[in-house]
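Asker: Protein chains in written order, with my numbering: chain A, 21 to 247; chain B, 56 to 300.
Careful, some of the hints might be misleading.
SDA-like mimics (lysine to any residue), calculated; alpha carbons at most 25 angstroms apart, straight line [what the hints assert, rightly or not]:
no. : chain 1 : residue 1 : chain 2 : residue 2
1   : A       : LYS237    : A       : ILE195
2   : A       : LYS242    : B       : VAL124
3   : A       : LYS69     : B       : MET277
No wet-lab data here; the hints were simulated from the structure.
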Amino acid sequence: MNLDFGVVERSLPYLWYGFRYTVQLTAIAALGGLFFGTLLAMARLASRKWLALPASGYVNLMRSIPLVLVIFWFFFLMPQMLQALTGSERPVQIGAERTAIITFIMFEAAYFCEIMRAGIQSIPKGQVHSAYALGLTYGQAMRLVILPQAFRNMIPVLLTQTIILFQDTSLVYVISATDFVGAASKVAQRDGRLVEMYLFVAIVYFVLCYTLSYLVKGLQKKIAVIR
Amino acid sequence: MTYVLNWGVFFEELPGGGEQYWQLIVSGIYWTLAVPACSRVIALALGSVIGTIRTTTSPWLVHAGNAWVELFRNIPLLVQMFLWYFVVPEFIPPLKRWIVQTDPANAQFISAVLCLGLFTSARVAEQVRAGIQALARGQRLAGMALGLTTPQVYRFVLLPMGFRIIIPPLTSETMNLIKNSSIALTIGLAELTFRARELGEYTFNFFEAFTAATLIYIVIAMTANRVMAVIERRTAVPGYIAGGK
């Protein structure tokens, strides 16, 4: 069998286009997921049952079904929901790429919620009490005292989860979005060069993820020293 | 054009005739259980060996074990699936010849089992290592002092304790394995998610199909959770927090 890695070189601009989408999707999903995940974590820890129960239900549901199924769910539901919201006559199509962004924000929110919940719970009770003793409201105590510390304690875990998310975004392949893997796979099938393309993709992911997790490990040690 | 629910769709016949749609879903459940069951054997066997050698004193073995874990952890599972199904057979001519002849389902099944087995073995190895390293240093030393050889120390002292400690994380690894098996649909394996989508495409009853799949995944996850909880209780180490008195 003859390998021809020239195919990678020839399709670099298209692969770069896919890769940019992968990075974009990862960044938006991580930030959005962190935002909604933090809200979910606060809801799960709330003493009001009507807040805590739906939040934990949502998180447990998202965590017990496969990501592929979640992607299919949103891919099917988004047009119907948008139709209901906009009152349009037919389901509103927004394309695989935008559907994927919403899906990953909603899915990652469940995982970031669990991380933030652990982060919030790791803060000593005295911090909460002293915040209230200073006359801060619940919102102020969360925003100024608890969450900054929780974020800092959880930074390594949040970054590790983001690396996992970076790998998981490859699953948008199932709705034919053109991410890095999607772009490579389209070229691979067009040119009949599956071996070269998939090896190239694997090497790129490996080098990136290995380097990033190495950096996170270093950061973890640094943070551990400060505390 | 609004969506009309039709829960009776599962008892309608397939266009080809004969079978009903619920039978499609059941055949999907079969693969969704068979693939993780087989890969779990590979993952536990390999993961235990690799996790164990990462706690030995030989730097070469430790490096080899670490390299294994990093290799499988830093490539997306989807890409690994493609590597096993499309790339590896190209380098092994007899395997390639077999794949061309055999039923595609066989090739998909074996690729998926190998892929998920090795992927999960890296994660199991990480937990086995953590479990052994969580033990007090005195346990290894006491074993040595009793005159046990290194293999004996592992066989009679460290591994039985280490495994009992890591049963809870291994439970969530089993759940991950079941969820991850859905990725095999990208190489055409007709497991549960694949069948649910197929049902949706045939009948346009996507909502009913995905609801069924979601409920089945929840039931599977809860059952696995219960079974592992029983094992966890039976094997808990007395004197540890999880072990009660």
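Asker: Hint by hint, note whether the structure agrees.
Answerer: Hint check results:
A C-alpha spacing of about 34 angstroms is found between LYS237/A and ILE195/A, which places the hinted pair above 25 angstroms, so the restraint is violated. Using a Cα cut-off of 25 angstroms, the hinted pair LYS242/A and VAL124/B holds, with the two alpha carbons roughly 24 angstroms apart. The straight-line distance between the Cα atoms of LYS69/A and MET277/B is roughly 23 angstroms, inside the 25 angstroms bound, and the hint therefore holds.
Hint 1 alone, counting from the list given before, is not met by this structure.
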